[in-house]
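Top line first, the protein sequences correspond to chains A and B. Per the working numbering, the very first residue in the first sequence carries number 112; after that it's consecutive. Per the working numbering, the very first residue in the second sequence carries number -15; after that it's consecutive.
Check before you lean on any hint, since a few could be wrong.
Said to hold, decoys possible - With beta-carbon atoms standing in for the labels, derived distance ranges:
id : chain 1 : residue 1 : chain 2 : residue 2 : range
1  : B       : Asp42     : A       : Val323    : 29 to 39 Å
2  : B       : Glu62     : A       : Ala320    : 20 to 30 Å
3  : A       : Ser306    : B       : Gln14     : 33 to 43 Å
4  : A       : Gly201    : B       : Val17     : 25 to 35 Å
5  : B       : Glu(-3)   : A       : Leu288    : 37 to 47 Å
6  : A       : Asp189    : B       : Trp15     : 47 to 57 Å
As the list claims (entries may be wrong) - In silico contact screen, one side only, chain A against chain B (beta carbon under 7 Å); selected entries:
id : residue
7  : Phe166
8  : His174
9  : Gly175
10 : Met178
11 : Gln196
12 : Lys214
13 : Phe274
14 : Ser276
15 : Ile302
16 : Gly304
17 : Arg329
18 : Ile332
19 : Val333
I should point out that these hints are in silico values taken from the structure, not numbers from a laboratory. By construction, the Cβ of each residue, glycine as well, lies at the ideal position given by its N, Cα and C atoms.
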Amino acid sequence: MQQLDRDPGGSVESVEGVDLSGNRETDPPQPFDEVNQASFLESLRETGSVRQQAFKRLVEVTHGPLMNYIRKFISSHDEGQEVLQEVYLGVHKSLPRFEGKSKLTTWIYGLAHNKVCDRLGDKHRRMLELDESHPAPETPGSLDLADWDKSTPWELPPDKVVFQSALRTLIARSVALLPPSAFEIYFLRDIEGLSGEDVAEILGISPVAVRVRLHRSRQAIVDKVRDLMHGRTENGKGKSAA
Amino acid sequence: MKGLLGMAFMRCERIADFIYDYAEGNLPSQWLVMRFEAHISLCKRCREYLLLYKAAADASEFRSLNEPPPELLEKTLEFLQQAGLTGGDEPDFPKADAKE
Chain A
112 MQQLDRDPGG SVESVEGVDL SGNRETDPPQ PFDEVNQASF LESLRETGSV
162 RQQAFKRLVE VTHGPLMNYI RKFISSHDEG QEVLQEVYLG VHKSLPRFEG
212 KSKLTTWIYG LAHNKVCDRL GDKHRRMLEL DESHPAPETP GSLDLADWDK
262 STPWELPPDK VVFQSALRTL IARSVALLPP SAFEIYFLRD IEGLSGEDVA
312 EILGISPVAV RVRLHRSRQA IVDKVRDLMH GRTENGKGKS AA
Chain B
-15 MKGLLGMAFM RCERIADFIY DYAEGNLPSQ WLVMRFEAHI SLCKRCREYL
35 LLYKAAADAS EFRSLNEPPP ELLEKTLEFL QQAGLTGGDE PDFPKADAKE
């Protein structure tokens, strides 16, 4: 895995999203990618309480997704919290050099990625090597929704809401079972909604590699969902007892 | 005739090749989209595959599924406050052109 060595510069992006001076009671934290980059940077270049409030606001908005990202690699909550704190120290230290060439979200995830790499060292690299050794899925394979366990809520009359809800549950369980590097790509691209180019920048890989790995991650989720639907065990072998 | 044969002979293996670009809306030609969709409409197995694949790719709602415990924010802010970054005697940021 390549570490990032970026020194962003350039123009800030369009203005939309969060009022950084807002009251939390009436203006709850917005999703990570809606942080108003221009206002945020402007607020951080103010002095005193405006700057402190802006930084606090950033922490409020970003700590959840960042912690979810970190915890996939670092199983200990306390250690994950330490890494999170290191990320914010890094953000604070490096912000004066951040001029907005990349999105703020991308930049912060890049810092988080580096902090995780620093913390895990060779272990992180080994995780990736193990993942890369997994063969790419070749064919869709078989899937028959009629095989679903009739004793479960699947047997309810066709109802898109029920079906979607059940499917989301299966997908959530499958996502939790992804190996770390497969999760990393999926998390950044499909959950956080970053662009392929942004993810490539964060991970220091090519957009083509992002595409290939993301496809493998999604495919792994599909395969796991099928296993769950068919009552197969987590290693995909055999049917569980009815 | 060639077009109809092309549609008829898109195999399941090709669906796996194209599904990423289809889900991203990036298939390079309308003709390929048409062949892909023609296969999907005729093949239940691939239709289900596409349904699951698209559901997996549409994951933005999972952002809110794993909310961190409230004490994480408290502890993080407390740490940053002690470091002087979110309250108290906050040190000035270094100037943008300052060398480290």
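Checked hints:
1. B/Asp42 / A/Val323: 29 to 39 Å: 20 Å, violated
2. B/Glu62 / A/Ala320: 20 to 30 Å: 39 Å, violated
3. A/Ser306 / B/Gln14: 33 to 43 Å: The hint (33 to 43 Å, Cβ to Cβ) is violated, given that A/Ser306 and B/Gln14 are roughly 24 Å apart.
4. A/Gly201 / B/Val17: 25 to 35 Å: Violated: the Cβ-Cβ distance is about 44 Å, outside 25 to 35 Å.
5. B/Glu(-3) / A/Leu288: 37 to 47 Å: Hint violated: Cβ distance 26 Å, outside 37 to 47 Å.
6. A/Asp189 / B/Trp15: 47 to 57 Å: Between A/Asp189 and B/Trp15, where Cβ atoms are some 56 Å apart, the hint holds.
7. Phe166: Because about 5 Å separates A/Phe166 from the closest Cβ in chain B, which is inside the 7 Å limit, the hint holds.
8. His174: 6 Å, holds
9. Gly175: For A/Gly175, the interface hint holds, since the closest Cβ of chain B sits about 5 Å away, which is under 7 Å.
10. Met178: Status holds, d = 5 Å.
11. Gln196: 5 Å, holds
12. Lys214: 16 Å, violated
13. Phe274: 10 Å, violated
14. Ser276: Violated, about 11 Å.
15. Ile302: 5 Å, holds
16. Gly304: 6 Å, holds
17. Arg329: 5 Å, holds
18. Ile332: A/Ile332 check passes; min Cβ-Cβ to chain B is 4 Å, inside 7 Å.
19. Val333: 5 Å, holds
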